[in-house]
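K.L.:
As they're listed, the protein sequences go chains A and B.
Read in the numbering used here, the first sequence has 450 at position 216, and its numbers run on one by one without any break.
Read in the numbering used here, the second sequence has 508 at position 274, and its numbers run on one by one without any break.
Simulated from the structure, these hints should not be mistaken for lab results.
A hint or two may mislead.
If several chains are the same, the list does not tell them apart, and a pair holds so long as it fits within one copy or across any two.
Stated by the list, open to error - Computed cross-link-like contacts, DSSO-like style, restricted to lysine-lysine with a CA-CA straight-line distance of at most 30 Å:
no.	residue 1	residue 2
1	Lys367	Lys294
2	Lys395	Lys586
3	Lys505	Lys313
4	Lys586	Lys275
5	Lys594	Lys367
6	Lys360	Lys587
7	Lys593	Lys301
Number of protein chains: 2
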Amino acid sequence: MFTILPVKNGLDNVSGFFCQGVSAGFKPNGKEDVAFIRTDKPCDISAVFTTNVFQAAPIKHYLRYPKGFQTNFILMNAKNANAMTGAEGIKDIETIFENLKIKFPHIENPIMSSTGVIGCRLNVEKLSLAFDKFDFLAKNSHSTASAIMTTDSFKKEICLKVELENGEFFHIAAICKGAGMINPAMATMLCFILTDADIPKVDMDTLLPKAVELSFNAVSVDGDTSTNDTVFLMSNQQSGNYDKEAFREALNLITKELSLMLVKDGEGATKLVAFEVSGAKSIHEAQVAAKALSNSLLVKTALFGEDPNWGRIASTIGASGVTCNEETLVIHYDNVLIYSNTHRSLDAETEKKAAAVMKKDSFKIHCELGVGAFSFTAYGCDLGHEYVKINADYRT
Amino acid sequence: MFTILPVKNGLDNVSGFFCQGVSAGFKPNGKEDVAFIRTDKPCDISAVFTTNVFQAAPIKHYLRYPKGFQTNFILMNAKNANAMTGAEGIKDIETIFENLKIKFPHIENPIMSSTGVIGCRLNVEKLSLAFDKFDFLAKNSHSTASAIMTTDSFKKEICLKVELENGEFFHIAAICKGAGMINPAMATMLCFILTDADIPKVDMDTLLPKAVELSFNAVSVDGDTSTNDTVFLMSNQQSGNYDKEAFREALNLITKELSLMLVKDGEGATKLVAFEVSGAKSIHEAQVAAKALSNSLLVKTALFGEDPNWGRIASTIGASGVTCNEETLVIHYDNVLIYSNTHRSLDAETEKKAAAVMKKDSFKIHCELGVGAFSFTAYGCDLGHEYVKINADYRT
Numbered sequence: 235m236f237t238i239l240p241v242k243n244g245l246d247n248v249s250g251f252f253c254q255g256v257s258a259g260f261k262p263n264g265k266e267d268v269a270f271i272r273t274d275k276p277c278d279i280s281a282v283f284t285t286n287v288f289q290a291a292p293i294k295h296y297l298r299y300p301k302g303f304q305t306n307f308i309l310m311n312a313k314n315a316n317a318m319t320g321a322e323g324i325k326d327i328e329t330i331f332e333n334l335k336i337k338f339p340h341i342e343n344p345i346m347s348s349t350g351v352i353g354c355r356l357n358v359e360k361l362s363l364a365f366d367k368f369d370f371l372a373k374n375s376h377s378t379a380s381a382i383m384t385t386d387s388f389k390k391e392i393c394l395k396v397e398l399e400n401g402e403f404f405h406i407a408a409i410c411k412g413a414g415m416i417n418p419a420m421a422t423m424l425c426f427i428l429t430d431a432d433i434p435k436v437d438m439d440t441l442l443p444k445a446v447e448l449s450f451n452a453v454s455v456d457g458d459t460s461t462n463d464t465v466f467l468m469s470n471q472q473s474g475n476y477d478k479e480a481f482r483e484a485l486n487l488i489t490k491e492l493s494l495m496l497v498k499d500g501e502g503a504t505k506l507v508a509f510e511v512s513g514a515k516s517i518h519e520a521q522v523a524a525k526a527l528s529n530s531l532l533v534k535t536a537l538f539g540e541d542p543n544w545g546r547i548a549s550t551i552g553a554s555g556v557t558c559n560e561e562t563l564v565i566h567y568d569n570v571l572i573y574s575n576t577h578r579s580l581d582a583e584t585e586k587k588a589a590a591v592m593k594k595d596s597f598k599i600h601c602e603l604g605v606g607a608f609s610f611t612a613y614g615c616d617l618g619h620e621y622v623k624i625n626a627d628y629r630t
Numbered sequence: 235m236f237t238i239l240p241v242k243n244g245l246d247n248v249s250g251f252f253c254q255g256v257s258a259g260f261k262p263n264g265k266e267d268v269a270f271i272r273t274d275k276p277c278d279i280s281a282v283f284t285t286n287v288f289q290a291a292p293i294k295h296y297l298r299y300p301k302g303f304q305t306n307f308i309l310m311n312a313k314n315a316n317a318m319t320g321a322e323g324i325k326d327i328e329t330i331f332e333n334l335k336i337k338f339p340h341i342e343n344p345i346m347s348s349t350g351v352i353g354c355r356l357n358v359e360k361l362s363l364a365f366d367k368f369d370f371l372a373k374n375s376h377s378t379a380s381a382i383m384t385t386d387s388f389k390k391e392i393c394l395k396v397e398l399e400n401g402e403f404f405h406i407a408a409i410c411k412g413a414g415m416i417n418p419a420m421a422t423m424l425c426f427i428l429t430d431a432d433i434p435k436v437d438m439d440t441l442l443p444k445a446v447e448l449s450f451n452a453v454s455v456d457g458d459t460s461t462n463d464t465v466f467l468m469s470n471q472q473s474g475n476y477d478k479e480a481f482r483e484a485l486n487l488i489t490k491e492l493s494l495m496l497v498k499d500g501e502g503a504t505k506l507v508a509f510e511v512s513g514a515k516s517i518h519e520a521q522v523a524a525k526a527l528s529n530s531l532l533v534k535t536a537l538f539g540e541d542p543n544w545g546r547i548a549s550t551i552g553a554s555g556v557t558c559n560e561e562t563l564v565i566h567y568d569n570v571l572i573y574s575n576t577h578r579s580l581d582a583e584t585e586k587k588a589a590a591v592m593k594k595d596s597f598k599i600h601c602e603l604g605v606g607a608f609s610f611t612a613y614g615c616d617l618g619h620e621y622v623k624i625n626a627d628y629r630t
């Protein structure tokens, strides 16, 4: 038995970690745009990266370290993804760390993590000048979370305290950025998870990908995948306490919660929708149909318009290639039956009820396929005018 | 040798065919919403249908006829797709044709084709009342093309006169509807191609799917596929003239031209973009990458914003799963080199030139992958505020 409690102030709770965000002057509004996370001594790190073949320079730089390496420093920046920058992009990272070493000589196997525009060289000099502003003993989760924001409309921080039966406890905390481009392959999303649990490296390597699969990879804002997505899990084992089941549950909770924040912050999104597909022939087919719904542009605009146009739901499932048929399909919006074989046309009453469900900030669209026993839930948001505005003007 | 000439007035040129659109009162503005195409005597017909498993009732009704059947009547309606309507949907079609037979006793194996909202029963009575307005000897391509329009902002009609070397000639003409939901699998799109060429049925059956693959299936507006898409090719062989190569070329021209009209009419679209991918490892990979570009929401919004943000182009190709790498990739906007291994950052001059290209109504984005010898061109449009507006309010 164990208890999981949310606590405030994100990363600050995790013993032995320090972090801070400062302004290097890249964001025109003077907000934080460069940050660090560091530990007292080098510690274990696990990572899940983008599936995009054009991996950004920071990812390539990370992958040059030997398997099982330890690190004590992550440097983060916003406004420039350092992607599609070739060998120079990696060289820039090396120069940056040479500069950092002057201010902070103890860095070992430092890691960089970047988000922003693709295809521009980093301004190494300007970025390095920000090191003067770093307080390496700071514990400042808020400014760190703020520094990695791009089109995000709110900071994403979370911390859970896990209490074991014997009164021992550990913390697991995370910050995250992402709003646009979030898709089943977790695009343009950076997530830094820190823990002082006494977790073996092998558990980090197995639990992290699984947690990502169930959370970040189940959400969708617009179906695109980026060059920079990264989820890091760092552990310094400093609490000395650990329980695998408790850690798994807390990690899954954190990643799930953050991924819902990403959807909620879908560029210009006004509502969060859970697309549950059940009765599928296989788990794969359940996943394909659920993600087809959360990615469909016509479904997204119908959600924005609060139009109970279930035809678009049915049509999207029909086009997804999964096994299904008109006779066994049943569609609910929350508890409102909106389509079944014997209930095909929307009467005024149902339409009114469905419209009321769609006015909510979050609700569920449930499609029972009736051809098998497998389910999957994907999360998505609507797409409105704000999405177009934000993305048409992104670089300006 | 042969000559292909465009001629005006669409379907009216094809001998032995009659057509007309009238208003049954389904469109609130009193425009045409029910139409017919008929021939003097039953003639050959070929069809390509949607890949959506929820095929609409009119398609199911068509598929009940024996292979190689002949018909002399197609009835069309807009505003109601008669999809997801179960056995009743098919029964409604039968009732409609019983009613039609009273006005026009000569119908043989009649076909229906519908477009509009999914999941509502047809108003059989109201639709049948429109038969009184039909002039079965009319040749009125314009009103027919108008009757099948839904969110289309312009009528789509085309006719080509094919002159053979010996002075003989035949016509091939088409009308088409489609604007939203157009995707590689040719969604919510109806196309009726008529010819008086003396074409053998076997050539109709082989040339039509090929033409559709190269045209309608290469265009994308929003990546969704519908329950009703149909391309019909009808031939009464009445001219007595035929040349396979000439017919193939004319058919390909017509379908290509219509598919570009569909993209141009993408809901709220302001520009038409050809996405050419060359140097791919296989034709399949060229197609996957080109369609990924034409379907990407982030690419579409960058096009709308006229932002030469080639990072989104590169990122989309990288995410598409095709073989490629940063070193051999070369991106052009029309003739402006925008990315190559030795030309990674946009200088002000290039940015200005690229922005000028993007201001055009139509232009090409060319990505050379540099890993093989295969190419494919997909067509797409931008996505702006109008798309959201049209689709959020579709049913109202």
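K.L.:
Hints first: check each against the structure and report whether it holds.
P.N.:
We went through each hint and held it up to the structure:
When the C-alpha separation of Lys367 and Lys294 is checked against a cutoff of 30 Å, the pair qualifies only within one copy, where the shortest distance is 28 Å, while the shortest distance between copies is 70 Å. In this assembly of identical chains, Lys395 and Lys586 lie within 30 Å of each other by CA distance neither inside one copy nor across copies; the values are 43 Å within and 53 Å between. Proximity of Lys505 to Lys313 under the C-alpha cut-off of 30 Å is found in both arrangements, the shortest distances being 27 Å within a copy and 29 Å between copies. With identical chains, the CA atoms of Lys586 and Lys275 are never at most 30 Å apart, being 60 Å at best within one copy and 49 Å at best between copies.
With identical chains, the CA atoms of Lys594 and Lys367 are never at most 30 Å apart, being 44 Å at best within one copy and 46 Å at best between copies. With identical chains, the CA atoms of Lys360 and Lys587 are at most 30 Å apart between copies only, with a shortest distance of 28 Å across copies and 56 Å within one. Taking identical chains as interchangeable, the C-alpha atoms of Lys593 and Lys301 are never at most 30 Å apart, the minima being 50 Å within one chain and 49 Å between chains.
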